[in-house]
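So the chains spell out like this:
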Amino acid sequence: MIRFILIQNRAGKTRLAKWYMQFDDDEKQKLIEEVHAVVTVRDAKHTNFVEVLAISVADSLSVLQFRNFKIIYRRYAGLYFCICVDVNDNNLAYLEAIHNFVEVLNEYFHNVCELDLVFNFYKVYTVVDEMFLAGEIRETSQTKVLKQLLMLQSLE
Amino acid sequence: MPAVSKGDGMRGLAVFISDIRNCKSKEAEIKRINKELANIRSKFKGDKALDGYSKKKYVCKLLFIFLLGHDIDFGHMEAVNLLSSNKYTEKQIGYLFISVLVNSNSELIRLINNAIKNDLASRNPTFMCLALHCIANVGSREMGEAFAADIPRILVAGDSMDSVKQSAALCLLRLYKASPDLVPMGEWTARVVHLLNDQHMGVVTAAVSLITCLCKKNPDDFKTCVSLAVSRLSRIVSSASTDLQDYTYYFVPAPWLSVKLLRLLQCYPPPEDAAVKGRLVECLETVLNKAQEPPKSKKVQHSNAKNAILFETISLIIHYDSEPNLLVRACNQLGQFLQHRETNLRYLALESMCTLASSEFSHEAVKTHIDTVINALKTERDVSVRQRAADLLYAMCDRSNAKQIVSEMLRYLETADYAIREEIVLKVAILAEKYAVDYSWYVDTILNLIRIAGDYVSEEVWYRVLQIVTNRDDVQGYAAKTVFEALQAPACHENMVKVGGYILGEFGNLIAGDPRSSPPVQFSLLHSKFHLCSVATRALLLSTYIKFINLFPETKATIQGVLRAGSQLRNADVELQQRAVEYLTLSSVASTDVLATVLEEMPPFPERESSILAKLKRKKGPGAGSALDDGRRDPSSNDINGGMEPTPSTVSTPSPSADLLGLRAAPPPAAPPASAGAGNLLVDVFDGPAAQPSLGPTPEEAFLSELEPPAPESPMALLADPAPAADPGPEDIGPPIPEADELLNKFVCKNNGVLFENQLLQIGVKSEFRQNLGRMYLFYGNKTSVQFQNFSPTVVHPGDLQTHILSGPAQPPASPRRPSSPWGSRLTQLAVQTKRVAAQVDGGAQVQQVLNIECLRDFLTPPLLSVRFRYGGAPQALTLKLPVTINKFFQPTEMAAQDFFQRWKQLSLPQQEAQKIFKANHPMDAEVTKAKLLGFGSALLDNVDPNPENFVGAGIIQTKALQVGCLLRLEPNAQAQMYRLTLRTSKEPVSRHLCELLAQQF
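Line order of the protein sequences matches chains A and B.
Using the numbering used here, you'd call the opening residue of the first sequence number 1 and step up by one each time.
Using the numbering used here, you'd call the opening residue of the second sequence number 157 and step up by one each time.
Just chain B, same shape as in the assembly (with noise of 0.2 Å):
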C-alpha cells in the first residue's frame, strides 16, 4: 500500500510547514517566513556547496512560500540545478518550481531548455515524462520553438513506452494550442490516427483529446478517425461490465474514453460508409438501451458514468440530426430524468431537451413534457435548474402551447431570482408578441410584465406596446380601461405610469364615458402619481395633461393651474420647466382649431409596421390586412376615435399630414434660438416623423438634436440650436478607423469574438439572432488602470438619405410628440436600440452594454458604433463598423434538389444573380468551407449539386418590411485555388451585396 506519512524524506520541509500553522496571526507568519527566507539565502549565498538533498529541501520551501502569496525572488539557479539531478525526487523538485513560477519568470525558460532536452533523449521514461510535463504544463511559444519538432518523433517512436506515449500525445496538444504553426503536420499524422487502436487504453484515452484538436482545423487529414473511433467504440459498449480490467468504472467500461470518442465523433457529419454508419447506429441504441436496464450498483458513480456516456450519445444523436428515431428515444429518456431524484440529471436533462426542441424530428416529443417542466420552474430550489426550466420552455413554444407557457412564466417572474428577470421579461416579451393571437392578450400580458418586474422591462418592451395600440384602433378602448385600472394600484411601477401616461393621453377619451374614469378622475389619478415620478416621466405626463386640454375641454382650468404652479413654470429642470411654459402658452393662446390639429392623435406607424401585426394579417388572409390600413385612413374611424374633438372637420381630413404641413411653412425655415419661443415649439409638437416625408432641412436638424443625450453642457439642445459648438453632436462621428472593414469580415460568419484592441480598450461582441431580431452585448475592458471617463458608446446608422441617431440619451423620448423615435423614422432600415453604460469604466474593469437589433428592411452598410471617452484627461475617439450584416437575418431553408432548381430559374433575371470568381485567400478546406458557410446563415443542401465538391446553400433573409429569398452556389477549384460564388435572390442590391461580403470570407 504505497501510503505516505507526513512530509516524508523532508523533515525541515515538515517543520517549517508546522511552524507555519501554528502561527497565531499574519503578523508571526510573515516574521517566519522572513526568518526562513533569510536562512535560504544564507545557505545559497554560503561558501560551503550544498548537496542535491538540502538544495532540493530549499527550493520546495520557497515553493510552499510562493504558494502561500509571497513573491519570491531568489533560488532560481538552484531549482534550474536541480533538473541535471540524476535522482528523481531532485529532479521532481526542480521541475514543479519551474511549472509553478513562470508565469512570474519567463526568462527561466531559456535557462532550462538544455536541460529538458537531456531528458527528452535520455530514455529514461521517468526523466522523459517529467519533461514532456513540464512542456506540457508551462505551454509557452518559446518550448514550442524547442520542441515541437521533437514531440511527434516521440509520440510515434515504436519503442515509447505507454506512458511516455501519453504524456507526449498531450504535450503536442498543448504547444499544438498555443502555437498551431511550429506543429509541422507530417507522415506522424497517419500514425496518431492508428493510435485509436493502440492496445494501452491509457493511451488511446490521450490520444482522442489530440485527435479531436487536430481534426478540428485539418478535418480532411484525419478522416479516417471517424472509422477507427467507430469501431473502438463499439468495442467498448458491447463489453461485458468486467472485460476492461483497470479502465473499468464502477461497472461502467471505460467511461471517459466512450465519452471522448464521442465528442470526436461530433467533428464530423454522419459517416458515409454505411457499414460504419450501421456500427455506430448499434452503438447508439446500445447505449439508449442500457439506460433502460437495472442499475448494477447503487452507488451514484455508476450512474453518473454510464449518464455520461449517455448525454454524450444524446449530443451526437443531436448533432446528426438525422435520425428520427434516435431523437424521439433521447427524447423519452430525458423525459424520464426530468423527474429523477438526482438534482444533476433534472438540470442535464432540461439542458439537452433544449437543443433537442430545435430538432423538426423531436419538437413535438419535446412539448409533451410542458407540465413538467413548467413544475420544474415552479418547484426546483436551485436557481439554474429553474433556469434552464425557463430555456427550455422557450425553446418549447409555439402557437398551440404560448398561452400557457407566456402565463407560467409571468407567473414564475413574481418570484424569480433578479439575476434572471430581465431574461425572462424579454423571454416573454418576444414569446407573447411573436405567438400572439389577439391584441388584448398581448397588451394584458406586456402591462403584466411590468406590473410584476417593472425594473426589468427595457424600453423597447413599452415602446413596442404603445405602437401597437396606436395602430390598432380596435384594442383602444381595452388598452385604455386596462392601464386605468392598473394605475389605480397604490404603488405602480413608473414605467406603467409612462404607459399610462401615454395611453391616456391618446385614448382617454374612449373610456371617458364612463363616471368611474371621468376625465377629472383620469387627471387626478395620473397626477397623484407625478411627483414621485423622474424627470422623463414627469416631462411624458406633462404631454398627457395637454392632449387632455384637448381632449377634455374640462379639464383646461384644472391643469393650467398645474402648468401655472411654480414648481412647474420656474422647475430647475431646463426640459421640464421649457414643456409648462410652451404647454401653458398653447393653451392660453392657440383657438381650439389649432389645438385639436396640433393635438391631434399620434398617426399610425404605416411603414414600422411591427412583426405582430404581419402575423395577424397573414392570419387573416391579404384583403383583411389592406382593409385594416385602410380603416386607420378612412375618416370614420378617425371619428370613433376622436369623437370628442371639439373641431371634426380638421379631424376628419383624408391626410392629416396636409394640414400639418401648411402649419409647418409657418416657422422661418432658420428660426434663431433666441426667438424659439413658440415656432420651436411648434416644430416640436408637429414633428410626427411618420407623417412628415418633406421636411425641410431645420425642422430635420430639431429633431435630431432632440434625440441626442441631452449633455450638461448644452442645455440649449433641445432648442434646435443650429450650431451647438458645445456638444459633439453625432454628425461629428469621424470616419471608421481603417481597419473597421477587416473587423466587420471577421464577424460575416461568426457571432462573438473580440472586435476591437488596442492599448487601451478592448471591445468584445457576443451576439444572438432570431429571424429579424438581434440582441448583441458589446463587453468594453479598460485595460487601463486609469479610470476612463465620460465613456459614451454610441450607435449610428448612416442611412442612404439621413443620419439618425437610433442611440438615445438614457432617458427614452418622453413625449408622445415623438413616439415613433425609439423605433427611428421611417427612413432607417435597421432599429438599434441601445442601453447607456456607466460614464466611467475603471481600470481594469469591462462594462457591459446591450443592443437590440431590429432589421426593417434589407440595408448594405453596418452601423457605425462610435465610442467616445477620455483617459488621463485626453480625449479619445473611435469609430468602428458594427458587426451587423444582412446575413445575420438568414433564415435557413432545407428544399429537396428539385425545388431549388425551380426556384434557381425563377430567378434568372441577370440583374438577381450576382457572381465572383475569385483566388482563395485561405487554405481550400472543404469543412472550412462548410462551417463557413453555415455562419453565413444559409442551410447547406446536399446532394443538389451534380459535382459534390460544389456547395449550394438557400435561406430567406428576415426583415420586417420583406422577406428576401436568398439561393447560392460555391464551386471551389482547388488546382487553380480558385472559386466561383454565385448568388441569386429577388433582390438585386442583395443579391451583390451579399456576393462581396461571403466572396472576402474564402
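One chain only, chain A, in its complex shape (with noise of 0.2 Å):
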C-alpha cells in the first residue's frame, strides 16, 4: 500500500505531498526532509529504492508503530517523484506507476514543468485521485484518465 506520494525538486520544496496515513504536522515535515536527504544523493548507478528503516509513525488510532517502509522513486529533470510503499510491495509496479502518472502530467499540462504544478497544484490533487487512492492503484489507463480529466476540465 502506499503510504505517500511526494514531489519534490532538487533543492528540496514540496511541490505535492499526499499522505495516505494519518502523519502529524511534525512528521510529515521529518518525513519529508529524510526523503529528500536520501534520495538525492544517490545517482545513476544506484537503484530507484531506498529502503527506510523502522520510522516512527502515528497510525490512525495514533498508535506510535515501527513499521519498514521503502521508497520508490524516480527523477525527471530537477523534479524527484518518491512514493512511500511497505517493504514487501512490488518495486517495478510502482516505479512504472510513478510513469505512468508522469506521462498523464505531461499530457494534461502540455509538456509539464515544475511551474505547472506550483501554479497549478489544486489540479494535481484531482489528477492523483484519479489514477491514486486510497493508497491503491485506482486506475492505469492514461486514454480514461486523461478522458475524465478534459471532462471535468469542461466543467463550470
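Computed list of lysine-lysine pairs in PhoX-like fashion (alpha-carbon distance at most 20 Å, straight line):
#: 1; chain 1: A; residue 1: 18; chain 2: B; residue 2: 333
#: 2; chain 1: A; residue 1: 30; chain 2: B; residue 2: 939
#: 3; chain 1: A; residue 1: 45; chain 2: B; residue 2: 534
#: 4; chain 1: B; residue 1: 455; chain 2: A; residue 2: 45
#: 5; chain 1: B; residue 1: 922; chain 2: B; residue 2: 906
Rough simulated footprint, nothing fancy, chain B against chain A, three-plus residues with beta-carbon under 8 Å:
#: 6; stretch: 39 to 48
#: 7; stretch: 84 to 97
#: 8; stretch: 123 to 131
#: 9; stretch: 136 to 149
Simulated from the structure, these hints should not be mistaken for lab results.
As the structure is a prediction and not an experimental result, all values here were calculated from the model.
Backbone N, C-alpha and C fix where the C-beta goes; we use that ideal spot for every residue, glycine too.
Please assemble the complex out of the two chains, which come individually in their own frames, going by the hints.
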C-alpha cells in the first residue's frame, strides 16, 4: 500500500505531498526532509529503491508504530517523484506507476514543467485522485484518465 | 488536447503565487502572506455576500498558504459552503481544502457530513466521486460511522457508473482498514468478488485491492475469488500485446492488474481444484516463458512492466513452495538478472533469491550463483545492492561453501559501509560457529573479525571464542600463538587486547618456550597496550598480570612493580585500585601452592557447551564426544596445560573444585564489608561459577552484586555489601504489571509489534529466532516532550533456583575471574545479553536496544524486562514479561502421515501428553488458525488427520542442551465453538507448557 506520494525539487521544495495515512505535521516535515536527504544523494548507478528502516509513525489510531517502508523514486529533470510503500510491495510496479502518472501529467499540462505543478497545485490533486486512491492504484489507463480530466476541465 | 494554462480560471491566485515566488527573502514572503490573509479576512467578514467564484479563489489562496507551511485559522466555513455549490470547480476546491486540512481540524468533519450525503445521493457521478474521494482521503472513524453502510450499496448497485464503482471500492477499503467493525459483511460480499469479472478493467483494478484486503481477514468468505482471479489472470497473460488497448502499457497487457491478481493469490494456498490449478500453473509458465522472449521494445518502461509481473509471479511460486520445476526455473531466471546491466534488476534478483534459498527445492540451484553474488558484494556501487548480496550469501551458506562465504564476507568487511558492519560481523560469527569444521579456523575467523571491525564485534562474539578456547585444549596453543602475533600490530583494537589478555593469561605458557614469545616479551607486549585502554580492559589486564605471576614466576618482580606504582595503587577508579591492592597483596602473602590453586586455569564450561562443540562431537560420533569431556578431567591433560605450575599436586586433583571448596570455607559467611580485604578477595577469585555447585548464600550474593551495574552512588557494589541500600539491586525488581501475561500472549504467535504502551512510554518489539538463538530489538519511544533520565532497561530471568542477572553493565565482566558470567550460570535456562542504552531519552525520541538470546534448555517462565527511569523527577518503574516463550525456538518439521503416527505412538506415556478442551475466544476461522499455528512455530502437516477440519503439526524445540520433539493436534468443533488441543512431547513440562501457551491463542 502507498503511504505517501511526494514530488520534490532538487532544492527540497515540496511540489506535491499526498498522505495516505495519518501523520502529524511534525512527522510529515521530518519525512519530507528524510526523503529528500536519501534520494538526492543517489545517482544513476543506484537503484530506484531506498529502504527506510523503522520510521516511527502515528497510525490512524495515533499509536506509535515501527514499520519498515521503502521509497520508490524516479527523477525527471529537477523533480523527484517519490512513492513510499510497504517493504513487501512490488518495486517495479510502483516505479512504472510513477512513470504512468508523469506521462498523464505531461499530456494534461502539455509538456509539464515544475511551474505547472506550482500554479495548478489544486489540479494536480485531482490527477492524483483519479489514478491513486486510499493508497492503492485506482486507474492505470492513460486514455481513460485523460478523458475524465478533460471532462472535468469542461465543467464550470 | 487538454492543455492547461497557468492558473487558468483564477487570475488572482496566479498573481498571488507569482508574488510569493518573487519574494527575495523569507521576511518578504511572510509580509506578503500577512497582507493577503488580512485581505481575505476582510472579504470574508465584509457585509457584501461573496459570490461562489470569489469564495473559491480565496479558499484556494488559503490552501496555498497552508501548503507553504503557515497555519490557517479561518476560512473553514467558507470551504464548507463551497461543498453545497452546484458548480464542480467550486465543490472541488471545497473538498480539497477539507481533505488537506482535516488533520489539523477534525471539527470540520461533522460540518460536512450533510454535504457529502447529498453528493452521494445526487446520482451525478462527478459529485459522487468527489464525495467518495473525500471520504477515502480523510478515512476517519467519524466518516466510517456516517457512511460505511452506504458505500457497499453504491459499489454493487447495477446502475452505478464505472468510475463511481472504482472510487467506491477503494473508499470502502480505506474505511475497512481504519475501522473494520464499522463495515458490515453481507450479501454484497459475494457480489464484490464477482467484480473480478467486470468488463471495465479499471473497476477490476480497484476491486482486487479491496478483495485482497477483505480476504486476509475473512479468507473463507472470499474463497471463490481464487478461481475468478486465476481465470482473469489467464485471460490477461495469454492476450496479445494489443488486445487490451487502453490497458496495455508499453506492449505489456495490464501490468498493474496482473501484479495485483498475483498478490491476491498469495493470500491463499495453491488451488485445490485441479483444473484451476492447471490453469494457474500454465499462467505462471507463460510468464516465465515470456521473460525469455526478445523484448517488444527497448524502452525501460517495457522491461520494467514485464518484470514487475515476473517478480510477482516468482513471489507466488515461492509462496506455494510446492512446484520444484517452477522454483528452479525461477531461480535460473533470477540468475540471469544477477548480471543484468540494470541495477534495479540485480537488486531485485538478489532480494528474491534470498527467499528461494530457503526452499529445499531451490537451495541447490541458488548455490550455483555463488561467484556472481560474491562479485556483486565486491563491485556493486550501491550499498543497498551489496547489502542484498551479503544477505543472499548468508541465506545460501551451508557446510559445503561456508569457508568461501565467510572469507569473502571478511574481505568485504574491510571496506564495508559503517551502517552494515555490525550486521556483517554477526553474520560471520554465526556462520563461522554454525559451520565450523575445525577450531583453528573458527579462532582465526573471530580474530580476523576483531582485527577488521573491532568496534562492531559485540561482547557475545568474543566471549564465545574465549569459552571455546577454554574448553578445547587442542586449540589453546594455537590461540595463544595467534593472539600473540595479532597483538604485535602497532595499532590493535581494544577487543583484541581483551581477548589477547585473557588467552595469554590462561595459556601464555604454551608459547613461552619460544624465545620470541618468552614470558617477559608477552608481558611487555600486553603492558605496552595498557595505558591506551579503557578501565574495563585495564582491569582485565591486571588479572592477566596476576595470572602471569603464577604462570611465570620470573615475571613476579616486574609485575609487582607495576602493581605497586602509584598510578595503580591510588587509581581514581575504584575497580582498578582494588584489583591492584588485592593482587599485590595476594602475590606477596600467598604461598606458591595457594597462588597456584587460586590462579589455576579456568575450568571448562561443562554445561554451557556451545552448539559448535555439539556439532563437532556429532561429527566424530558419540564415543569421541564423551572422550573429549573425559579428557578435560583427566589429570594428564591438565599436566600439559599446567606444565608451568610449580605444584603439580594441586593441579592434578581430579576434581579441582574440592580444593577450592575447602578454601572457600575460610571466609566467614557474613563477612562485613569493612573487613572485606582478604576475605572478599578470595571469594572473588574463587568464584568460578562453573565449579561451585554448593555455594553458601553470601558468596552467591557476592557473585550477583558483581554483575550489577556499578552505580556511581554505590562504589561498594563490588565488595559484596549484603545490604546495598543506595543501589536498588535487581532483586528489587517489582512484580510484572497485571496485564503482563496478556501482553505476552499477544506475542506467542508473532514476533513483532507493540509490547507495551502508556502515556509516557511505548515499547516496540522486533525479533527473529533461528534454532536456539534469537535476536530481539526493543524500541523504547518517549511519548512525552520531556527527557527521561536514568533510563535503564534490564532483563532478568527468574530461574527456578536463583535470580540471575544477565544484563550486564556497559562493561563486560572485566576479569578472567569470572569468564562465564556473560553466559549466566549453569542454572540458567536462557541466556539473554543486552546492550546498555543511553541513560537519557529525549522527548519524542526513540532508542533501540538489542538483545541476543540463547536458549540453553527448556524453560517455562519468560525473562522479565524491568524498565526504570525518571520522568520529571519522579522515578518510574515497570516490569513486563519479555516476549520469549519456549515455542520461539521451534523448528518446523515436515513428515509423512506414517512417520507422524509412528512418533505419536512412541510418545504415548500419559505424562508425555497434555490435553486441553476449551471454548473459542475468537471466531473459528481455519485460515487464521493455520496462520497462528505456523506463527507458533510448528509445521502444519496436511493429509495426516483423517478429518480435514483438524490441524496436525510437528516441530522440534531447539535448545543448546537438548532437543525436544513436539507433535500437536488441534480439533475444532464449530458447532460447540470448542477446541480440543493435544500436545505430545518427550518432556512432560514442555507438553503442559506448550499446551497452555497455545490454548490461549484461539
